[in-house]
Amino acid sequence: MSIENMTLLTGRTISQGVALEGGKTTKENVRAAAICMFDKEDFKKLDCIVGTPVKITTEFGEVTVYSTLTEEGPHPGIIFIPMGPWANQVVNPQTQATGTPTYKGMKAKVEVAKSAKVLGAVELISQLKEA
Amino acid sequence: MVQKKVKTVYDVVCPFCGTLCDDLEVDVELSNQEVLEVRNGCQIGTKKYFSSNVSPHRFTKPMIRKDGELQEASWDEALDKAADILVKAKRPLLYGWSSTECEAQGKGVELAEILGGVLDNTASVCHGPTLLAKQDVGVPTSTLGEYKNRADTVIFWGCNPVHAHPRHLGRYSEFVRGYFKRDGRNDRTIIVVDPRYTQTAQIADMYVKVNPNEDYELLNAIRAVLRGVELDVEEVSGVSYEKIKELVEVLKAAKFGVIFFGMGLTQSIAKHRNIDTAICLTRELNDHTKFLITAMRGHYNVTGANTVFTWNTGFPYSIDFSRGYARYNPGEFSACEVLMRDEVDATLVMASDPASNFPQLPVKTMFKYPLIAIEPHKTPTSVNADVVLPPAIAGIECEGTAYRMDHVPIRLGKVKEAPNGCLTDFEIIEKLIEKVKEKKGE
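Keeping their order, the protein sequence lines are chains A and B. Residue numbers for the first sequence follow the working numbering, so the first one is 1 and each next one is one higher. Residue numbers for the second sequence follow the working numbering, so the first one is 1001 and each next one is one higher.
Hints are not guaranteed to be accurate.
Not close to chain B: a few residues of chain A, all C-beta gaps over 12 Å, as computed [stated by the list, open to error]: (1) V18; (2) T25; (3) K45; (4) V50; (5) T64; (6) Y66; (7) T68; (8) M83; (9) V90; (10) Q94; (11) A97; (12) A113; (13) K117; (14) I125; (15) K129.
Some but not every residue of chain A turned toward chain B, in silico, with C-beta under 7 Å [to be verified]: (16) T7; (17) T13; (18) I14; (19) A32; (20) C48; (21) E59; (22) H75; (23) P76; (24) G99; (25) A116.
Hint data in this document are derived by calculation from the structure and do not stem from the laboratory. For every residue, glycine included, the Cβ atom is placed at its ideal position computed from N, Cα and C.
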């Protein structure tokens, strides 16, 4: 199943903050930041259980993360990925001549990707080196 | 059983976020310099102290990449290699700086000038637009203590301090009892403007749900209504006209108001224009009552990085020394911009993790060229670096100065020794400067 035309926001969560201080190479960091938070009603459309990997695609890239329900909703039409390496694969790098990339408000497509692998931070980023 | 010898350090300043809490207590085991307990800190600050302990995630010796693998090296060898990379580069980028202390930042400016490189701090991916807006229209602001003691109306716009600045609400802005706000939370009206019903919004008195990327329109609608203009619309940015009028009445009724704002304004479309308008709204509210505005700064010393860079070069971030003097243009010289245009040929990262924090396009370019990381921990940046120089962690293992989000300088303390006698950020940059000068024949 998939949903299109969602608005992707990114930002700090306390778990992501704790995980980045606790070790960026750890599984805790994956649990805290390699996730996409959905509004309850949007998530129903995906017809999968919480925790199922989902592929997020924007015009700037794609990334696979675990799905989860938001605690900061309702926010129908909006998905949220905590700031960090996973979110940054799909954010808009354009800065509108301010130097600051546009980390919020990208149009995104979400697809259930049950068998896809969610990579660790180093694995994910090191791909950019090889590419 | 061996008796533990523990020292407790009081009034410790936390080097995590721009709130710079100064009341932590840290227990350190003397024999092995291990942090055993942290009191008063938030979850994130506490974790930072624990992660200073020696672990598989921490570098304790310099590393150099040989045959594709990071291998241990002596300090002299690693510094020499780093200096080599910097001297050979035509246009090196020196990025980061916000999670170290001011003295090291000052040395960083000196190194960038000697190298003729590009110098940028992490403001360029967070509150850079705020700095541009301040340069455009000025800023009516104050220290956090004034807000604590006087503010009766507090707006959090595009920020979520419950998650990002966990103790801000308890120390300065929401729950704390102030000199003229004796009843703490009950004496304050809290308003949150955000596209998501954040946990900060869930404990507010008024929540305004704005559409993503439409803050600029909403701010201007509020300004118009404040000036007495009748709007011929039913809603602006997803907010009903009725709600906007209600909000304006609340703001006008305030005796002392403050707007705190975060990435929701700076990283959305319109960037610095959002902040321009928020500052203008604040200024116009002063026709009716007292209102001020403050940015919720992230890294504990990003305000210091802006301040130190400014007093050394005249500019707060995104500075280019390639012509031998400082030039400033964030749209041209910010780290992301120079990387996306493939303009740099080496990067030195100080106390930051751009590989995690930049969009993928600039990271790809950064990885094409030699990379030096001055970084205590294993991060996507440091494990991909060619040279890793592991420092003592500022504010935990060495002293220094940091600027709180309201520009109050606070002295960071030292609570424990760094493992393996790691050099401080200041010492590392100082030694790099010596080596670079030597190699350049100066």
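Run the C-beta distances from A113(A) to all of chain B and say if the shortest one exceeds 12 Å. With a cut-off of 12 Å, A113(A) remains clear of chain B, as the shortest Cβ separation is near 19 Å.
Is the Cβ of K117(A) farther than 12 Å from every Cβ of chain B? holds, 17 Å
Interface hint for E59(A), Cβ within 7 Å of any Cβ on chain B: This interface hint is violated because 12 Å lies over the 7 Å limit.
Run the C-beta distances from V18(A) to all of chain B and say if the shortest one exceeds 12 Å. violated, 5 Å
Per the stated criterion, does the least C-beta distance between Q94(A) and chain B lie above 12 Å, as a non-interface residue requires? violated, 9 Å
Assertion that A97(A) lies farther than 12 Å from chain B (Cβ): violated, 3 Å
Minimum beta-carbon distance criterion (7 Å), G99(A) to chain B: At about 3 Å, which falls below the 7 Å cut-off, the nearest Cβ of chain B leaves the hint on G99(A) intact, so it holds.
Identify whether the interface hint at I14(A) stands, where standing means a beta carbon of chain B within less than 7 Å of its own. Nearest chain B Cβ about 4 Å off; hint holds.
Beyond 12 Å on every Cβ pair: is that true for M83(A) relative to chain B? Violated, since 7 Å does not exceed 12 Å.
Beyond 12 Å from every Cβ of chain B: is that where the Cβ of K45(A) lies? holds, 19 Å
Hint validity - T13(A) Cβ closer than 7 Å to any chain B Cβ: The hint holds - T13(A) has a Cβ within 7 Å of chain B, the shortest such distance being about 5 Å.
Cut-off 7 Å, beta-carbon criterion: hint that C48(A) touches chain B: For C48(A), the interface hint is violated, since the closest Cβ of chain B sits about 22 Å away, which is over 7 Å.
When the structure is compared with the earlier hints, violations turn up for hints 1, 2, 8, 9, 10, 11, 14, 15, 19, 20, 21, 23 and 25 and for no others.
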